[in-house]
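Student: Each chain, written out:
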Amino acid sequence: MATKASRSAARVMMAPAVVLLLGWMLVPLIMTLWFSFRTYLPLRGGDQGWTGFDNYVRFVTSSSFWPAISTTLILLIGVLAITIILGVLLAILLDQPMWGQGVVRILVIAPFFVMPTVSALVWKNIFMDPTNGLLAHLWRFFGAESVSWLSDVPMLSLIMIVSWQWLPFATLILLTAIQSLDGEQMEAAEMDGASVLSRFFYIALPHLSRAITIVILIQTIFLLAIFAEIFVTTGGAFGTRTLSYLIFQRVLESQNVGLGSAGGVYAIILANIVAIFLMRIVGKNLD
Amino acid sequence: MGQITLQNVTKSFGDVEVIPPLDLDIQDGEFTVFVGPSGCGKSTLLRLIAGLEDITSGHISIDGNDATDIPPAKRGLAMVFQSYALYPHMSVRKNIAFPMRMAKMDQAEQDRRIEQAAAALNLTDYLDRRPGQLSGGQRQRVAIGRAIVREPAAFLFDEPLSNLDAALRVGMRLEISELHKRLATTMIYVTHDQVEAMTMADKIVVLRAGHIEQVGSPLELYRNPRNTFVAGFIGSPKMNLIEGEEAGRNGAHTLGIRPEHIDVSATDGHWQGKVGVAEHLGSDTFFHIHETGLAETITVRAPGEVNFRHGDTIYMTPRSEQLHRFGADGLRMA
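For the protein sequence lines, the chains are S and L, in the order given. For what it's worth, this note's numbering labels the leading residue of the first sequence as 1, then goes sequentially. For what it's worth, this note's numbering labels the leading residue of the second sequence as 1, then goes sequentially.
Since the hints were made in silico from the structure, they are not lab data. Ideal Cβ placement from N, Cα and C applies to all residues, glycine included. Watch out, some of these pointers could steer you wrong.
If you want a taste of the chain S side facing chain L, the calculated C-beta under 10 Å gives, among others [what the hints assert, rightly or not]:
{"id": "1", "residue": "Glu-187"}
{"id": "2", "residue": "Glu-190"}
{"id": "3", "residue": "Pro-206"}
Pulled from the structure, derived: some chain S residues nowhere near chain L, Cβ distances all over 12 Å [claimed, not checked]:
{"id": "4", "residue": "Leu-43"}
{"id": "5", "residue": "Ile-159"}
{"id": "6", "residue": "Ser-163"}
{"id": "7", "residue": "Arg-199"}
{"id": "8", "residue": "Tyr-202"}
{"id": "9", "residue": "Ser-209"}
{"id": "10", "residue": "Ile-269"}
All chains, full assembly: derive it from the sequences and hints.
Tutor: This is how it looks when you write it as structure tokens:
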């Protein structure tokens with residue numbers, strides 16, 4: 001990339017990709033913004049013109065807005081906590097030399113390859129079914145009353161399902177990070193009199209902090225948009241309506257495209273706030 | 001105090017015996033260097049003493065107490081690693097404080113020792129930096145500082161200078177020697193560089209394939225190598241080892257003569273050969289001499305600048321009192 005000619009050639013060659021990606025992002029964004037300022041009820045008269053900020057006000061003042069925000073945050077924090085704590089522990093476990101390491105690692109990563117819809121269905125029907133589910137059998141085996149997971153503890157169930165899907169991702173990233181930990185550092189700490197726990201908290205965990213930040217960043221972006229798992233399991237009932245699910249309901253169930261689009265713009269703003277915070281943390285951690 | 005004794009120590013990795021039964025005594029305050037070619041087991045031996053590897057059989061005692069089954073932290077030894085093994089997320093101060101913090105030492109005492117170590121190692125201005133912001137030599141000093149503050153019974157150095165450039169290495173060599181003189185603490189130092197061994201050691205332990213070939217002071221090893229391996233390993237450039245007829249004439253299987261113990265002349269001498277490459281160092285000139293009928297190459301060290309050109313005929317005379325005679329088993333003949 002030294003000469004003028006090669007630089008302009010590079011620009012020309014990159015242009016199609018840049019234009020495509022930009023269009024891919026800008027067209028939906030502009031359409032969302034456009035619809036959010038209009039009264040658009042597809043089955044009740046169609047596009048009925050400008051309404052200014054009415055949709056935005058209605059979306060926020062609706063009684064479902066704040067519960068949806070708190071549901072989103074509970075889901076996000078619950079899944080992040082589980083995947084990171086278990087992910088660190090699993091990564092340390094998988095880093096130990098053992099027989100059949102390759103196979104075990106592939107098995108651990110497997111859930112990540114299952115489509116969200118499929119894994120939610122599997123959990124709903126095979127594990128969490130109150131009469132025939134595996135968990136119900138297990139509960140009855142110990143003489144306990146079987147739990148109606150999705151209606152009695154819907155948020156916990158949802159967090160379990162989503163954590164199961166994302167744990168492999170966290171484990172994988174953390175495992176590669178742990179493998180890059182210098183063995184001599186651990187030995188030096190051992191010579192310095194650090195116990196196993198001190199070595200974990202003073203050496204291993206700080207070493208993992210950057211990887212953990214990256215896991216949080218990536219997972220947050222995807223978890224804010226969780227949809228299939230809710231749609232397949234509870235359908236937004238029992239207080240499992242997240243922000244993205246609320247938007248879906250406004251657009252498709254209430255047939256109010258304008259209101260839903262306004263919600264979408266809020267979601268974009270929320271995601272960007274989170275992203276700015278996280279980028280700052282990442283930026284601090286990167287030397 | 002720091003007297004370390006190894007009795008019948010062995011180490012095997014699976015079926016491979018890395019250290020065959022080995023005995024060694026290291027006196028309090030001694031600077032002992034383990035030297036040998038790579039893969040000779042010198043680092044393993046150090047790690048056995050440190051406790052980072054379990055010994056397969058035998059006993060290690062430190063200051064008369066059996067330390068064989070004592071975990072590394074409790075042996076009172078401090079180690080400086082080849083990669084320095086500094087904690088990258090901690091400042092220099094916290095790195096140095098780490099062993100004391102683990103020992104739950106009084107904060108005032110910690111600060112005192114850190115100040116002292118930093119002053120001794122010229123680190124005072126860098127205490128709040130991270131290891132990543134330091135040069136190689138400074139990192140090395142931080143690693144030494146982290147070892148000093150523990151006031152250990154002995155220091156263990158595992159090839160600490162091999163990641164430094166040549167000029168820095170000479171400087172750090174002096175600093176470590178100086179440190180040893182000042183602290184008078186036992187130090188065990190592993191290196192593959194015989195120059196480091198010769199310049200720093202009170203006692204050199206030459207190892208090959210886990211065996212101790214010879215133990216002695218640098219000059220003892222230089223003057224009286226016990227066998228051809230030690231003869232070839234200690235000294236730079238290497239001792240010339242001559243086999244065959246010429247050795248037989250001197251009543252030996254192998255005849256050893258150091259390059260600095262051969263006199264050269266353009267007109268007459270004991271041996272004759274053709275000058276190959278000449279290395280001019282200014283203070284000395286090393287000639288690599290071929291077609292001598294003795295060995296493939298004979299290396300000769302001539303003091304100062306001597307004028308021989310590539311291909312010239314050269315005459316050499318060994319100083320007979322400096323000849324080393326070795327038997328067919330490689331051992332020195334009395």
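Student: Could you run down the list of hints and mark each one as holding or not?
Tutor: The hints, checked one at a time:
1. Glu-187: The hint holds - S/Glu-187 has a Cβ within 10 Å of chain L, the shortest such distance being about 5 Å.
2. Glu-190: Holds - the Cβ of S/Glu-190 comes within 10 Å of chain L, reaching about 5 Å at its closest.
3. Pro-206: 4 Å, holds
4. Leu-43: 59 Å, holds
5. Ile-159: For S/Ile-159, whose nearest Cβ neighbour in chain L is about 31 Å away, the distance exceeds 12 Å, so it holds.
6. Ser-163: 28 Å, holds
7. Arg-199: 10 Å, violated
8. Tyr-202: Nearest chain L Cβ is 7 Å from S/Tyr-202, so the label is violated.
9. Ser-209: At about 8 Å from chain L, S/Ser-209 fails to clear the 12 Å cut-off, so the statement is violated.
10. Ile-269: 34 Å, holds
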